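Student: Spelled out from the first residue to the last, the chains are:
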Amino acid sequence: MKSYLLKRLFVMVPVLIGMTIIVFSIIHAIPGDPAETILGQKATEQSKEELREQLGLNNPWYQQYFTYLGDLLKGDLGQSIRTKVPIAQEIMPYLAATAELTIAAMAFAVFFGVNAGIISAWKQNSWFDYISMLVSLVGVSMPIFWLGLMEQWLFSLKLGWLPSIGRMDQRNPVEAVTHLYLIDSMLAGRWDQLWTVVKHLILPSVALGTIPMAIIARMTRSSMLEVMNSDYVRTAKAKGLSQFFVVYKHALKNAFIPVLTVIGLQTGALLGGAVLTETIFAWPGVGRYIYEAISSRDYPVIQSGILIIAFLFVMINLMVDLLYAAVDPRIRYR
Amino acid sequence: MTQPILQIEDLRTHFFTDRGEIPAVDGVSLHVHAGEVLGVVGESGCGKSVTSLSVLRLIPSPPGKIVGGAIRFKERDILRLKEREMRGIRGNAISMIFQEPMTSLNPLFTVGQQIREAVSAHRGLGKKEARAHTVDMLRKVGIPRPESIIDEYPHQLSGGMRQRVMIAMAISCGPELLIADEPTTALDVTIQAQILDLIRRLNEENGTAVMMITHDLGVVAEMCDRVAVMYAGKVVEEGTVRHIFKNPLHPYTQGLIQSVPRMNEQRRRLFSIPGHVPILHTQMRGCRFADRCQHVMPACYEQLPELVELEAGHRSRCLLHEVKFKEDVV
Chain B
1 MKSYLLKRLF
11 VMVPVLIGMT
21 IIVFSIIHAI
31 PGDPAETILG
41 QKATEQSKEE
51 LREQLGLNNP
61 WYQQYFTYLG
71 DLLKGDLGQS
81 IRTKVPIAQE
91 IMPYLAATAE
101 LTIAAMAFAV
111 FFGVNAGIIS
121 AWKQNSWFDY
131 ISMLVSLVGV
141 SMPIFWLGLM
151 EQWLFSLKLG
161 WLPSIGRMDQ
171 RNPVEAVTHL
181 YLIDSMLAGR
191 WDQLWTVVKH
201 LILPSVALGT
211 IPMAIIARMT
221 RSSMLEVMNS
231 DYVRTAKAKG
241 LSQFFVVYKH
251 ALKNAFIPVL
261 TVIGLQTGAL
271 LGGAVLTETI
281 FAWPGVGRYI
291 YEAISSRDYP
301 VIQSGILIIA
311 FLFVMINLMV
321 DLLYAAVDPR
331 IRYR
Chain X
1 MTQPILQIED
11 LRTHFFTDRG
21 EIPAVDGVSL
31 HVHAGEVLGV
41 VGESGCGKSV
51 TSLSVLRLIP
61 SPPGKIVGGA
71 IRFKERDILR
81 LKEREMRGIR
91 GNAISMIFQE
101 PMTSLNPLFT
111 VGQQIREAVS
121 AHRGLGKKEA
131 RAHTVDMLRK
141 VGIPRPESII
151 DEYPHQLSGG
161 MRQRVMIAMA
171 ISCGPELLIA
181 DEPTTALDVT
191 IQAQILDLIR
201 RLNEENGTAV
211 MMITHDLGVV
221 AEMCDRVAVM
231 YAGKVVEEGT
241 VRHIFKNPLH
251 PYTQGLIQSV
261 PRMNEQRRRL
271 FSIPGHVPIL
281 HTQMRGCRFA
291 DRCQHVMPAC
301 YEQLPELVEL
311 EAGHRSRCLL
321 HEVKFKEDVV
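Chains as they are written, first to last, in UniProt numbering: chain B, 1 to 334; chain X, 1 to 330.
A portion of the hints provided could be inaccurate.
Estimated spans, in silico, between C-beta atoms of each pair [to be verified]:
| # | chain 1 | residue 1 | chain 2 | residue 2 | range |
| --- | --- | --- | --- | --- | --- |
| 1 | B | Lys-123 | X | Val-67 | 18 to 26 Å |
| 2 | X | Phe-271 | B | Ile-331 | 44 to 52 Å |
| 3 | X | Gly-20 | B | Lys-123 | 20 to 28 Å |
| 4 | B | Ser-141 | X | Lys-74 | 51 to 59 Å |
| 5 | X | Leu-125 | B | Tyr-333 | 25 to 33 Å |
| 6 | X | Ile-257 | B | Tyr-333 | 46 to 54 Å |
| 7 | X | Asp-151 | B | Gly-75 | 41 to 49 Å |
| 8 | B | Val-140 | X | Ala-34 | 52 to 60 Å |
| 9 | X | Lys-127 | B | Val-138 | 45 to 53 Å |
| 10 | B | Asn-115 | X | Lys-127 | 43 to 51 Å |
| 11 | X | Lys-127 | B | Gln-170 | 26 to 34 Å |
| 12 | X | His-155 | B | Ala-176 | 47 to 55 Å |
| 13 | X | Val-67 | B | Asn-115 | 31 to 39 Å |
| 14 | B | Lys-123 | X | Ala-34 | 37 to 45 Å |
Hints listed in this document are in silico derivations from the structure and should not be mistaken for laboratory results. Given the structure is predicted, the values throughout are model-derived calculations rather than measurements. A virtual CB, placed ideally from N, CA and C, is assigned to each residue, including glycine.
Generate coordinates for the entire structure from the input sequences, incorporating the hints supplied.
Tutor: What follows is the structure in structure tokens.
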């Protein structure tokens with residue numbers, strides 16, 4: 001297991017380097033003078049030249065790349081042109097907001113998706129199977145923004161059960177430490193706010209989690225159906241184990257590997273920011289952050305945003321690989 | 001011999017497929033006495049595996065269904081038991097070994113976990129005791145270093161070792177009946193002999209009755225006390241090993257025995273029964289073997305012969321016997 005982990009970590013290195021090269025080249029491929037972009041069109045030639053010197057833009061490109069890489073390793077992502085705040089500092093609350101929403105959405109998607117898939121496979125061709133597969137078909141085909149709006153209309157406007165926008169009750173906010181409000185409100189011992197944070201999370205995570213849930217349900221079902229006919233499931237039954245045990249222990253563990261892949265990919269995609277959901281629910285996440293940077297041509301922010309999302313994707317993939325190994329000894333011992 | 005512990009009566013297991021209803025097991029009656037080894041022989045698709053799976057009610061459903069008959073295990077009709085009661089029998093009083101040791105063990109659990117599960121389910125042993133019992137079982141089936149093998153995964157073991165693990169699992173609760181469904185088919189010849197030895201030894205030492213499903217007459221000769229020959233979902237002949245090998249009465253059994261290559265004979269081509277197993281359907285009439293039989297008569301296509309007892313404990317299902325019987329009487 002240890003050697004497997006080391007191997008996986010080692011393989012990540014070229015991926016990460018490749019990522020930085022791509023992101024670095026993107027910014028250099030953009031036409032126009034960065035100094036002019038930063039200072040504006042009316043800046044004097046002299047002030048532009050000073051800025052170029054200061055930013056190291058007059059150095060050869062490879063030197064610039066290594067400076068960039070060195071800064072990255074120090075955790076320096078540069079500065080936002082718009083706000084003049086260091087990006088590493090500025091992006092944290094947005095990332096935390098996205099992480100909180102992603103985790104909630106994926107928890108919803110995995111719990112309902114996996115269970116619906118299992119029961120559908122177990123009771124194949126039953127009413128439950130037909131209905132859950134129909135629901136999941138509708139789930140994958142439904143536009144998120146429409147679902148989000150419908151949720152707000154029903155649960156906020158008509159029923160008044162859940163708040164329609166934001167992350168918590170702003171009248172009496174909790175001090176942000178981690179920016180994960182679930183944790184912050186617990187740290188502050190503010191159980192009243194914890195409840196409002198949970199309530200704020202429900203609608204956006206359902207909207208965001210519906211498509212992954214539908215995909216996971218279908219994947220789990222087909223994977224389970226395959227495994228349920230296998231010889232070792234028959235052996236487990238022949239041992240006198242209960243059907244529940246056979247399904248949830250012997251079959252599920254084997255069926256879970258392809259499902260794990262889907263969960264990983266979906267989590268990665270959600271972490272990249274869900275602009276639609278974040279916009280509808282006024283969720284201050286990384287998707288909206290980058291979107292705003294794009295609209296105001298804040299290149300350093302765009303660059304860092306892309307880099308962080310790509311990095312998170314790589315990390316999620318690493319985690320999925322490690323989970324494979326945890327589930328399947330044949331991977332672990334290879 | 002004593003009262004049989006397993007008595008299958010007129011068992012009918014049908015499969016409901018797109019091509020219609022297939023009577024895979026069509027009125028099979030068998031019995032196994034305590035401590036006895038019964039061989040069930042026949043070629044692929046004759047219904048021998050389906051019969052054995054029916055005993056544990058493990059027929060995949062849909063498409064399969066037991067549509068008739070009775071399976072009595074020690075006076076209880078298995079087919080009438082509740083699923084809960086049935087679970088108490090599976091792996092406990094009756095256990096089963098399957099053909100493919102490569103795929104019959106769960107790849108994601110250690111050998112020990114898989115054996116322990118059966119022990120915990122039926123014996124309610126604590127973790128430590130269950131582990132000790134598992135080591136004992138592994139040792140009993142001849143696995144070297146059981147204390148370390150117990151923590152290994154199936155993919156780390158050879159085919160023969162995996163089959164030993166399957167056997168250890170099957171006998172872990174001291175079953176009265178062991179159903180072995182082609183336990184050696186997937187193994188090398190030398191390993192086959194070891195596994196057969198092991199099953200024979202368990203039968204002799206513990207008095208476990210064995211129902212040995214096989215297509216290999218060599219296995220039957222080596223292992224069994226009595227034999228039932230199946231063809232196309234029906235038992236065509238039943239008798240002691242001696243009856244079947246020395247005096248096979250049914251033309252199918254005779255054909256099977258002739259197909260076995262002999263050491264002391266130089267033959268260029270091996271004998272084989274011409275033709276194919278018929279495609280089963282519910283409207284079949286007459287003898288299932290008629291198309292391939294050397295002694296076929298017009299009546300064979302019209303009338304399904306009864307399984308008749310021709311000498312003590314030796315029964316066969318063929319119209320020839322009735323003709324002969326009449327001739328004898330005349």
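Student: Evaluate each hint against the coordinates.
Tutor: Results of checking the hints against the structure:
1. Taken as a hint, the range 18 to 26 Å holds for the pair Lys-123(B) and Val-67(X), whose Cβ atoms sit roughly 22 Å apart.
2. Range check, Phe-271(X) to Ile-331(B): Cβ separation about 49 Å, and the 44 to 52 Å hint holds.
3. Restraint check, Gly-20(X) to Lys-123(B): a C-beta distance of roughly 25 Å satisfies the suggested window 20 to 28 Å.
4. Between Ser-141(B) and Lys-74(X) the CB atoms are about 56 Å apart, so this pair conforms to the stated range of 51 to 59 Å.
5. For the pair Leu-125(X) and Tyr-333(B), the supplied restraint of 25 to 33 Å holds, since their beta-carbon distance comes to about 29 Å.
6. Between Ile-257(X) and Tyr-333(B), the C-beta spacing of about 47 Å keeps the proposed range 46 to 54 Å intact.
7. Hint check: Asp-151(X) to Gly-75(B), Cβ distance near 43 Å, so the stated range 41 to 49 Å holds.
8. Checking the proposed 52 to 60 Å range against Val-140(B) and Ala-34(X) shows it holds: the Cβ atoms sit about 58 Å from each other.
9. Between Lys-127(X) and Val-138(B) the CB atoms are about 46 Å apart, so this pair conforms to the stated range of 45 to 53 Å.
10. For Asn-115(B) and Lys-127(X), the hinted distance range of 43 to 51 Å is not satisfied, since their beta carbons lie about 29 Å from each other.
11. Between Lys-127(X) and Gln-170(B) the CB atoms are about 53 Å apart, so this pair departs from the stated range of 26 to 34 Å.
12. Distance hint check for His-155(X) and Ala-176(B): the Cβ-Cβ separation is about 49 Å, which falls inside the suggested range of 47 to 55 Å.
13. The beta-carbon spacing between Val-67(X) and Asn-115(B), approximately 34 Å, falls within the hinted interval of 31 to 39 Å.
14. A hinted range of 37 to 45 Å for the beta carbons of Lys-123(B) and Ala-34(X) is consistent with their spacing of about 39 Å.
In the structure shown, a violation is registered for the earlier hints numbered 10, 11, in ascending order.
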